[in-house]
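Residue-level listing of the chains:
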Amino acid sequence: MVDRREKVWLVSVLIVLVILLGSIAYALRTGYGVASEAIVLPPEKAPGLFQPGVKDLGGGRYQVDIIAYQWGFRPSKVELYNPKEVVIRIYSIDVIHGFQIVGTNVNAMVLPGYITTIVWKPHQSVNGTMLAICNEYCGIAHSAMYMEIVIRR
Amino acid sequence: MISERTFIKISIAFSYILLAIGGLFGLLQLVSRTPGAPKLVDEPQYYAVLTGHGVFIAILWTAFFILGLAVFVISSELGKPFRRSLLALAAVLAIIGSVVAAYPIVGGLLIGQPTMGAVLYTFYPPLLAHPAFYIGLALVIIGSWIFAAAVFDVFIRWRKENKGAAIPLGTFGVLATLIIWLEATPGLAIEVIYDLIPMSLFGKRVDVLLDRTLFWYFGHPLVYFWLVPAITAWYAVLPRILNTELYSPKAAKLAFVIFILASTPVGLHHQFVDPGLSISFKMLHTVLTYAVALGSFLTAFNIVMTLANAGALRGGDGLFGWIAKLPWRDPVFSGMVLAFILLGVGGFGGMVNASLNLNNVVHNTTWVVGHFHTTVGGAVTLTFIALSYLLLPVMFGRSIASMGMARIQPYLWFIGMMIFSIAYHIAGIYGAPRRTYDSSYGGLAPSIWDPLLFIGMIGGIVFWISGVLFISNVTLTPLIGKRVAQLDGASLLRNGNGYEKATIYDRIGIWVLIAIVLIVIAYSLPLFEILSRGLSPVLCITPEGLKPFG
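Just so you know, the protein sequences line up as chains A and B, in that order. Under my numbering, the first residue of the first sequence carries the number 13, and numbering increases by one thereafter. Under my numbering, the first residue of the second sequence carries the number -2, and numbering increases by one thereafter.
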């Protein structure tokens, strides 16, 4: 029933799928930093429990806590010296926002009611001012919502 | 009470109106968001116009055309009358629902309050639209269920009289489409009726993660609800106009079965970067998405082989000789085949979207916009356009008003769509965001975005012009097209007399049961995760940042 051309096609399709699965396996092994865990934080409790700012954990490790709101990020600019591992925690106080550091794999949704955590290991070549934007529509001034992340080496 | 023919005419005419308005909105938002192009609308208007573009085209144009097409296919192939009361009720509910849902968008723009309906076609809470938006959508869903009941009623009567007969291929595609719709819509219905309507009327607090999960439970099978009718047309109509046979009708049914089984339990691939959903469940949905892609790959092979055989019969030889022998001047043919090529582009891009890790690079960028314009804007819409050139003479007894325009129109659509999509795919890899009015970010944006977005706009204008040619042609056809003898639909679709013998593929009930099991497995786990963690409901907020219930 299956002719030769069909076999060639099926095998090519399977090869594509295996390559894609392999790339996922590789990403997971090498520390794929996607937001998956969530911490529940009801908006009423947030003011005391979630403070925006940068904590230097030593050895190139940082924790950056960011508040996303209509329309901006607090803080709107952070500076990191020679970062190796940056734990970014973001919390929205109103609607859904996005957080994407342009030119990197950092790309996550920020849902009100939940803290999003992303672990970012910036490559050595990352240097200077990085642009971080809200990439989910969040209201009439959505396009004004961005922040700067300055990396110094 | 309306006849099948009236129902087809009404739903297809209404779909053209939606395509025309949605297309105009598409042009307005595209030009306005492009760096260096004139701002035709301001930022609040932009989001209302973008909402209209998505709702009128992606949700409503496709749905209404599919309703008309489904009645055409079922009544031609099965030769049984519909229950006219059900058809009438479905049409009334769907049309009233569409008008009610359109009111906050169009009415809001007209009275200078664009934020009444500026929640985009994904309407994620807690962003709030006017209640009419959600109530209208609920009416459309209920209308669609009544429509499905009307189709299954005909099918069950046919089956009683034709025990042991194979389901004709077009009918099989329509049933697959409706089964996918019935699998998917409960998610949307629960979100809209249980959360969004009470949210917009009484300020009910809603959990955003749960509602996103319900939305995408519906949102991805929606894609197959669009695509399966287009594929049905390639399987059932393309061989007829080439005067040949489909390469493998069995593989076609297998593809439909795969779509029935796997188009729903895959929605988490739209939520790969959502917090609160574990990586293992996201991975499960990745693998299931690859499974549903097999259906598309099978289709690709089947269609190419059918075309190659048809070209060879016409005297084309060698590896590529058959291509030149195909009837490229026939817009029904060229439209469907160019649509098929666009699905090829979209299919490979879709594999990237569905891959847990690669998705990180393109999530919420213009890549995604490029992707779904090749699929719903290319594969689906161009197929429906091509079908229109076939159906209108059948339905109205008039030939197409301008065959000259019809001949170039699909090519113009294809070229515009390719320019648009390729530019948007590349801009997306560089991180350019979708759904934003201004992507300059105080001068910090990478300089490569602007030229790419500009090229994309040129492609968009090209296929918009192609759309204008199409809309004028289908508007003029019933008015000034030359009268031709009214064909009967059965002669277009039916191959010979009688039905073939049923095979395992025709036992649709079994496939539906397996599909339900897969859905339960793929969704009980993430839903359990969300609910056991405890919900975190929040107040709704308007696009201006106001809290009407706060």
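Hints are supplied without guarantee of correctness; some may be wrong.
Pairwise CB distance ranges, derived in the manner of DEER restraints [unchecked claim]: (1) B:D314 x A:V28: 54 to 62 Å; (2) A:V20 x B:R81: 21 to 29 Å; (3) A:L26 x B:I507: 19 to 27 Å; (4) A:Y38 x B:D435: 53 to 61 Å; (5) B:S396 x A:Y38: 51 to 59 Å; (6) A:L26 x B:G76: 51 to 59 Å; (7) A:R165 x B:P448: 57 to 65 Å; (8) B:D150 x A:K19: 38 to 46 Å; (9) A:V28 x B:S488: 21 to 29 Å; (10) B:G104 x A:R165: 37 to 45 Å; (11) B:V514 x A:V28: 47 to 55 Å; (12) B:K77 x A:V20: 40 to 48 Å; (13) A:R41 x B:L522: 49 to 57 Å.
These are computed hints drawn from the structure, not numbers from a lab. Fair warning: this is a prediction, and the values are worked out from it, not measured in the lab. The beta-carbon is built from N, C-alpha and C at its ideal position, and this holds for glycine as well.
Status of the hints after comparison with the structure:
no. : hint                        : verdict
1   : B:D314 x A:V28: 54 to 62 Å  : violated (30 Å)
2   : A:V20 x B:R81: 21 to 29 Å   : violated (50 Å)
3   : A:L26 x B:I507: 19 to 27 Å  : holds (26 Å)
4   : A:Y38 x B:D435: 53 to 61 Å  : violated (37 Å)
5   : B:S396 x A:Y38: 51 to 59 Å  : holds (58 Å)
6   : A:L26 x B:G76: 51 to 59 Å   : violated (41 Å)
7   : A:R165 x B:P448: 57 to 65 Å : violated (30 Å)
8   : B:D150 x A:K19: 38 to 46 Å  : holds (43 Å)
9   : A:V28 x B:S488: 21 to 29 Å  : violated (41 Å)
10  : B:G104 x A:R165: 37 to 45 Å : violated (55 Å)
11  : B:V514 x A:V28: 47 to 55 Å  : violated (27 Å)
12  : B:K77 x A:V20: 40 to 48 Å   : holds (42 Å)
13  : A:R41 x B:L522: 49 to 57 Å  : violated (23 Å)
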